[in-house]
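Residue numbers (my numbering), protein chains in the order written: chain A, 1 to 302; chain B, 1 to 308; chain C, 1 to 514.
To be clear, the hints were calculated from the coordinates, so they are not data collected in a lab.
Just so it is clear, CB atoms sit at the ideal spot from N, CA and C, and this is done for glycine as well.
Careful, some of the hints might be misleading.
[Claimed, not checked] If you want a taste of the chain B side facing chain A, the calculated C-beta under 7 Å gives, among others:
# : residue
1 : V22
2 : V29
3 : F147
[Unchecked claim] Per label pair, the in silico range of CB-to-CB distance:
# : chain 1 : residue 1 : chain 2 : residue 2 : range
4 : C       : Q461      : A       : L158      : 48 to 56 Å
5 : C       : R142      : B       : E56       : 25 to 33 Å
6 : C       : Q461      : B       : Q66       : 52 to 60 Å
[Unchecked claim] Anything over 12 Å on all C-beta distances counts as not near chain B; from chain C, calculated:
#  : residue
7  : Q32
8  : E91
9  : K130
10 : A134
11 : P236
12 : D289
13 : A305
14 : K381
15 : R402
16 : E465
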Amino acid sequence: MASSIPASAPAEVVLVPAPARVKTRRRRSARLVWLGAGFVAALLVIAAAAPILAPLDPIRQSLRGRLAAPTWNGTDGHAHLLGTDHLGRDVLSRVIWGSRVSLLIGFAAVLVGGVLGSAAGIAAGFSRGRADAIIMTLADAQLAFPFILLAIGIIAVLGPSFPTLVVVIGLSGWVSYARILRSQVLVLRSREFVESIHALGGSLLRVILRHVLPNVLSTIVVVATLELARAIVLEATLSFLGLGIQPPTPSWGGMVQEGREYLDSAWWISTCPGLVLMITSIVVSRTGDWLRDLLDPTLRGE
Amino acid sequence: MRGFVPFLGQRLFRALIALWLVSTVVFVVMRLSGDPVPLLLPPDAPTSEILRVRRELGLDKPLPVQYLIFLSNLAHGDFGRSIHFREPALDVVRGYLAATVELGLTAFVLAAVVAVPIGLFSAMRRNTLVDHAAMGLALVGQSAPTFFLGILFILLLSLKADLFPTSGRGDWHNLVLPALTLGAFTMASIARLTRSAVLEVLRADYIRTARAKGVAEVWVVAKHTLKNAAIPIVTITGLQFGTLLGGAVVTETVFSWPGIGRLAVQSIYNRDYAVVQCTVFLAALMFVVINFMVDLVYGVLDPRVRAG
Amino acid sequence: MEMTRRDLLKGAAALGAAAAVPLTAGSPALAQTTQKKELVTAQSGDVSKFDPHFSTSSNDVRVSFNIFDNLVSRHPDGKLYPSLATEWKLEGQTTWRFKLLQGVKFHNGDPFTSADAKYSIERTYDPGAKTMVATVLATIERVEAPDPSTLVITTKKPDPLLPARLAFYGGQIIPKKYVESVGNDAFNAKPVGTGPVRFTSWVKDDRAVLDASPDYWGGKIDMDRWIMRPIPETAPRIAALLKGEVDAITQLPPDQEDRVAANAATRVAGALYAGLYVLAVNSKRPPLDNPLVKQALSLAIDREAIVKELWRGRGIVPNGPIAKGDNHFDTSLPPLAYNPSEAKERLKKAGYKGEEVFIETTVAYVAQDKAMAEAIAAMWKDVGVNVKVEVIEYSVRAQKNREKSFKGVFWSDPTSTLSDPDGMMWRLLGPGGPQDYWREAKFDELGNAARFSVDEKFRGQAYKEMTKIFLEHLPWLPVIQPYEDYGIQKYVEFTPNPNQQFEIRRFNFKFRRA
Numbered sequence: 001m002a003s004s005i006p007a008s009a010p011a012e013v014v015l016v017p018a019p020a021r022v023k024t025r026r027r028r029s030a031r032l033v034w035l036g037a038g039f040v041a042a043l044l045v046i047a048a049a050a051p052i053l054a055p056l057d058p059i060r061q062s063l064r065g066r067l068a069a070p071t072w073n074g075t076d077g078h079a080h081l082l083g084t085d086h087l088g089r090d091v092l093s094r095v096i097w098g099s100r101v102s103l104l105i106g107f108a109a110v111l112v113g114g115v116l117g118s119a120a121g122i123a124a125g126f127s128r129g130r131a132d133a134i135i136m137t138l139a140d141a142q143l144a145f146p147f148i149l150l151a152i153g154i155i156a157v158l159g160p161s162f163p164t165l166v167v168v169i170g171l172s173g174w175v176s177y178a179r180i181l182r183s184q185v186l187v188l189r190s191r192e193f194v195e196s197i198h199a200l201g202g203s204l205l206r207v208i209l210r211h212v213l214p215n216v217l218s219t220i221v222v223v224a225t226l227e228l229a230r231a232i233v234l235e236a237t238l239s240f241l242g243l244g245i246q247p248p249t250p251s252w253g254g255m256v257q258e259g260r261e262y263l264d265s266a267w268w269i270s271t272c273p274g275l276v277l278m279i280t281s282i283v284v285s286r287t288g289d290w291l292r293d294l295l296d297p298t299l300r301g302e
Numbered sequence: 001m002r003g004f005v006p007f008l009g010q011r012l013f014r015a016l017i018a019l020w021l022v023s024t025v026v027f028v029v030m031r032l033s034g035d036p037v038p039l040l041l042p043p044d045a046p047t048s049e050i051l052r053v054r055r056e057l058g059l060d061k062p063l064p065v066q067y068l069i070f071l072s073n074l075a076h077g078d079f080g081r082s083i084h085f086r087e088p089a090l091d092v093v094r095g096y097l098a099a100t101v102e103l104g105l106t107a108f109v110l111a112a113v114v115a116v117p118i119g120l121f122s123a124m125r126r127n128t129l130v131d132h133a134a135m136g137l138a139l140v141g142q143s144a145p146t147f148f149l150g151i152l153f154i155l156l157l158s159l160k161a162d163l164f165p166t167s168g169r170g171d172w173h174n175l176v177l178p179a180l181t182l183g184a185f186t187m188a189s190i191a192r193l194t195r196s197a198v199l200e201v202l203r204a205d206y207i208r209t210a211r212a213k214g215v216a217e218v219w220v221v222a223k224h225t226l227k228n229a230a231i232p233i234v235t236i237t238g239l240q241f242g243t244l245l246g247g248a249v250v251t252e253t254v255f256s257w258p259g260i261g262r263l264a265v266q267s268i269y270n271r272d273y274a275v276v277q278c279t280v281f282l283a284a285l286m287f288v289v290i291n292f293m294v295d296l297v298y299g300v301l302d303p304r305v306r307a308g
Numbered sequence: 001m002e003m004t005r006r007d008l009l010k011g012a013a014a015l016g017a018a019a020a021v022p023l024t025a026g027s028p029a030l031a032q033t034t035q036k037k038e039l040v041t042a043q044s045g046d047v048s049k050f051d052p053h054f055s056t057s058s059n060d061v062r063v064s065f066n067i068f069d070n071l072v073s074r075h076p077d078g079k080l081y082p083s084l085a086t087e088w089k090l091e092g093q094t095t096w097r098f099k100l101l102q103g104v105k106f107h108n109g110d111p112f113t114s115a116d117a118k119y120s121i122e123r124t125y126d127p128g129a130k131t132m133v134a135t136v137l138a139t140i141e142r143v144e145a146p147d148p149s150t151l152v153i154t155t156k157k158p159d160p161l162l163p164a165r166l167a168f169y170g171g172q173i174i175p176k177k178y179v180e181s182v183g184n185d186a187f188n189a190k191p192v193g194t195g196p197v198r199f200t201s202w203v204k205d206d207r208a209v210l211d212a213s214p215d216y217w218g219g220k221i222d223m224d225r226w227i228m229r230p231i232p233e234t235a236p237r238i239a240a241l242l243k244g245e246v247d248a249i250t251q252l253p254p255d256q257e258d259r260v261a262a263n264a265a266t267r268v269a270g271a272l273y274a275g276l277y278v279l280a281v282n283s284k285r286p287p288l289d290n291p292l293v294k295q296a297l298s299l300a301i302d303r304e305a306i307v308k309e310l311w312r313g314r315g316i317v318p319n320g321p322i323a324k325g326d327n328h329f330d331t332s333l334p335p336l337a338y339n340p341s342e343a344k345e346r347l348k349k350a351g352y353k354g355e356e357v358f359i360e361t362t363v364a365y366v367a368q369d370k371a372m373a374e375a376i377a378a379m380w381k382d383v384g385v386n387v388k389v390e391v392i393e394y395s396v397r398a399q400k401n402r403e404k405s406f407k408g409v410f411w412s413d414p415t416s417t418l419s420d421p422d423g424m425m426w427r428l429l430g431p432g433g434p435q436d437y438w439r440e441a442k443f444d445e446l447g448n449a450a451r452f453s454v455d456e457k458f459r460g461q462a463y464k465e466m467t468k469i470f471l472e473h474l475p476w477l478p479v480i481q482p483y484e485d486y487g488i489q490k491y492v493e494f495t496p497n498p499n500q501q502f503e504i505r506r507f508n509f510k511f512r513r514a
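Please take these sequences and the hints and turn them into a complete structure.
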């Protein structure tokens with residue numbers, strides 16, 4: 001939901017800040033970007049080190065100690081700092097392990113979407129004819145669609161597995177990359193030296209790699225960061241609807257769903273993973289914003 | 001205006017193609033998801049029964065033939081019969097449509113009405129507590145997952161504070177939490193946008209002139225802001241409709257709101273092809289129409305766009 | 001450290017107090033008496049069909065049994081009572097003569113006669129009508145209506161349970177003239193019956209409104225109107241009860257019962273379900289084709305813990321395929337045992353090599369299905385079974401049910417429709433039945449004989465032997481016979497019915513008035 005590029009608006013700028021302020025903003029943005037990146041890095045470490053960090057086995061049940069409030073000394077003799085869920089499993093451990101699902105699927109989906117989208121954008125920009133029209137119409141069509149319904153439909157058909165989720169979530173975001181790459185390619189094509197290289201028989205691919213990609217790299221990074229936040233949230237939403245990673249593997253969205261029935265009594269089951277998810281989404285999308293301020297203020301079109 | 005008609009024409013063409021693509025994708029996905037007939041009959045129904053019902057629903061024909069029938073029906077506004085409700089799909093969807101429109105409109109109006117003044121105030125009281133608090137909330141509203149926002153609202157405002165009912169549709173009390181949840185993203189976007197636009201205006205010279213002349217700052221700001229921010233706000237409006245529609249699916253599920261979002265999800269689970277097709281098509285149609293109108297307004301406002 | 005039920009209650013009450021929803025002052029829920037004329041209930045799903053022959057789902061049964069009457073009625077005490085039939089007599093081996101109530105009118109004014117009864121019964125198994133209850137009255141050979149107040153039913157073979165069959169779904173009486181003139185779909189949209197309430201309106205996913213029939217033959221019920229609201233999510237359904245927005249809710253999960261009990265204005269009322277919650281087994285799929293494996297799986301389930309912790313004690317451990325309260329329930333049989341070390345032994349004896357065992361569970365189709373599936377999966381893992389839990393949609397389950405294509409075990413809540421093993425174990429596990437994954441010649445021979453015998457001693461013996469065969473081959477893994485609980489306002493006086501009927505007729509339901 002944190003998409004930043006308006007569909008029908010040109011890629012040009014609408015508002016540009018006055019030069020004098022840019023330097024201070026950029027310095028501040030740089031610091032904040034490091035903060036945000038640090039947060040993601042910390043999450044990655046936590047996810048990787050889950051087996052060591054998590055105090056208990058996330059799928060270990062204890063029927064006698066179910067629905068326990070956060071405590072230092074539970075009925076099974078262990079501390080449950082975030083309480084236990086309806087099957088007696090430790091919520092803290094499950095939240096820690098749940099980060100694996102979110103990050104893994106999030107990054108993988110961004111990769112898939114980014115590669116597919118960039119390829120589509122490049123193809124569209126270069127072809128200028130039929131392929132361009134087709135690809136751009138596909139993009140319009142996707143935006144005309146409440147994508148979540150398509151996602152639900154596909155996953156309900158194919159079953160919720162890791163590759164399906166990655167592909168579906170990845171597909172939800174290809175349009176942004178495609179548009180960026182396409183306009184860059186169009187800009188580049190208008191430069192004469194590209195035509196000359198082509199006329200002289202030089203490889204198009206080389207042109208892309210040497211001229212297009214470096215230019216768009218910073219923009220892509222910004223978009224990818226914002227897309228990461230969106231992918232993580234989409235995965236959690238699908239898990240919430242029961243279409244994500246299946247039990248007993250913990251996932252943040254799934255945990256919120258499991259705790260729904262106990263919202264008025266054992267509220268920690270839903271709130272803890274939900275808050276962690278929310279904070280992650282906020283920090284990552286904010287980092288994307290700061291990155292954008294830093295690298296490419298021309299994108300501030302929202 | 002020379003380039004305008006071709007521009008519109010191109011947009012219209014793209015819109016129609018988009019609608020066609022959407023319907024086709026829905027058709028393919030739903031057909032792939034398996035046979036809905038076993039859901040309708042008792043578990044011990046004989047095979048002859050199954051075959052008979054399948055024939056009755058037209059499901060025994062080869063897929064391409066089904067597709068052509070489907071397309072021609074679509075052109076006539078015939079979306080087929082709901083397997084689950086045993087009524088024409090269009091009638092079923094129409095019954096649920098009002099609830100979603102009610103929710104969506106309320107969410108959008110609420111968002112606009114609340115967000116614009118907030119954006120205005122935040123910009124005018126820049127870097128104060130109010131500004132930071134408002135922008136902080138806007139950040140949460142834009143990044144937080146809709147489903148969890150809904151859950152939080154239910155927990156804090158309904159279960160703990162007992163201010164609103166927990167779910168369902170009824171009088172205006174039932175509308176508040178779902179509308180807040182659905183409109184959060186829009187509200188946040190509009191607030192931030194308004195704030196940026198106002199900040200720009202505040203830096204301009206004519207503000208100082210107005211201040212010197214003693215004109216009430218707010219009005220000058222408002223007037224000029226609107227002019228400047230018109231284009232991006234209109235753009236966002238069209239986009240927000242798409243997000244609203246998508247968000248409605250989740251919001252309606254969390255609050256058990258009887259709208260087409262929830263209907264679509266349930267129908268997917270029930271393999272009720274006709275209703276799914278109808279819902280998605282109508283949603284896409286609404287989105288395309290609104291986008292088209294946005295493009296129209298955009299084209300009027302900004303001549304650069306018509307050049308393509 | 002063992003937590004006693006009291007500890008649980010204390011803990012839960014403390015939680016409840018901390019999270020208490022304050023009732024607004026002057027709320028009618030605080031009173032223990034009421035002047036209400038309108039009943040509002042909430043259940044976990046909307047009505048899917050009003051036509052009583054087209055759905056057996058509990059959410060539909062609760063409503064259709066009040067719009068329509070049967071010839072015979074089963075009351076909450078488990079006994080059969082006259083309803084539209086005032087008396088019945090067995091003549092010879094296979095002929096039953098029913099005397100019908102006079103002067104009864106359908107909601108549209110048409111008089112009720114034997115022609116309607118004949119039409120209703122024949123419709124259930126009419127291949128052209130394609131009803132959901134086609135096999136319920138399959139023992140009937142023919143139906144005759146010699147005069148407007150007499151019905152004669154001849155069964156194919158001696159069928160001692162015929163009156164019981166007529167008391168449950170499939171036995172609802174519908175108006176012949178009306179249905180024939182408007183057709184099934186219009187009848188479903190505007191149902192007409194003889195019951196204590198008549199259909200007024202229905203807004204899908206919102207509410208069904210039913211008005212009391214003022215001249216109901218059994219006496220006008222203690223209300224003018226009944227509004228049924230579907231609230232699928234548990235938390236809001238309970239909140240609606242606690243806030244006094246509804247008078248009764250169904251499908252109350254045991255975890256929430258303390259809150260309802262602790263609230264001054266509400267209480268929990270439940271009945272032991274006339275049926276079982278079981279994991280039905282696709283015995284055609286290895287390793288589940290090996291009886292030793294199934295016995296091991298059964299021995300590895302700690303049913304006591306499930307009943308005590310997940311169900312807060314609201315249930316009993318089954319001892320076989322017959323539900324407590326049914327005819328021929330064997331009180332001498334011990335509850336199904338929990339013995340993990342013995343389970344491991346049997347797995348070894350069976351030569352189990354770690355093949356995958358699937359639990360395909362739905363979510364909220366059978367109460368607590370997903371939670372129990374996960375708990376049982378952990379128990380099976382503990383004895384070394386390679387178990388995989390897969391969550392499937394209800395629609396997928398229905399399809400697999402039809403195609404008999406389950407991968408392993410799946411949840412089922414067989415209802416004992418006749419209070420007799422014939423109506424549950426035999427109906428479902430017999431040859432050609434919906435859960436026919438396993439066959440055993442002796443079992444079939446006994447089942448058939450018992451169905452058509454009028455000698456209760458013989459039947460008892462037959463079912464005893466069938467139970468023995470069942471326990472060896474375990475086509476079902478019975479897990480629990482739970483209480484199905486309602487949350488009701490204290491001013492509602494009502495006894496729940498074990499077979500999921502929601503009985504609001506005068507003899508069972510009234511508001512406590514000052």
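Status of the hints after comparison with the structure:
no.	hint	result
1	V22	holds (5 Å)
2	V29	holds (5 Å)
3	F147	holds (5 Å)
4	C:Q461 - A:L158: 48 to 56 Å	holds (52 Å)
5	C:R142 - B:E56: 25 to 33 Å	holds (29 Å)
6	C:Q461 - B:Q66: 52 to 60 Å	holds (56 Å)
7	Q32	holds (22 Å)
8	E91	holds (31 Å)
9	K130	violated (6 Å)
10	A134	violated (6 Å)
11	P236	violated (4 Å)
12	D289	holds (22 Å)
13	A305	holds (30 Å)
14	K381	holds (29 Å)
15	R402	violated (3 Å)
16	E465	holds (26 Å)
The structure shown violates the earlier hints numbered 9, 10, 11 and 15.
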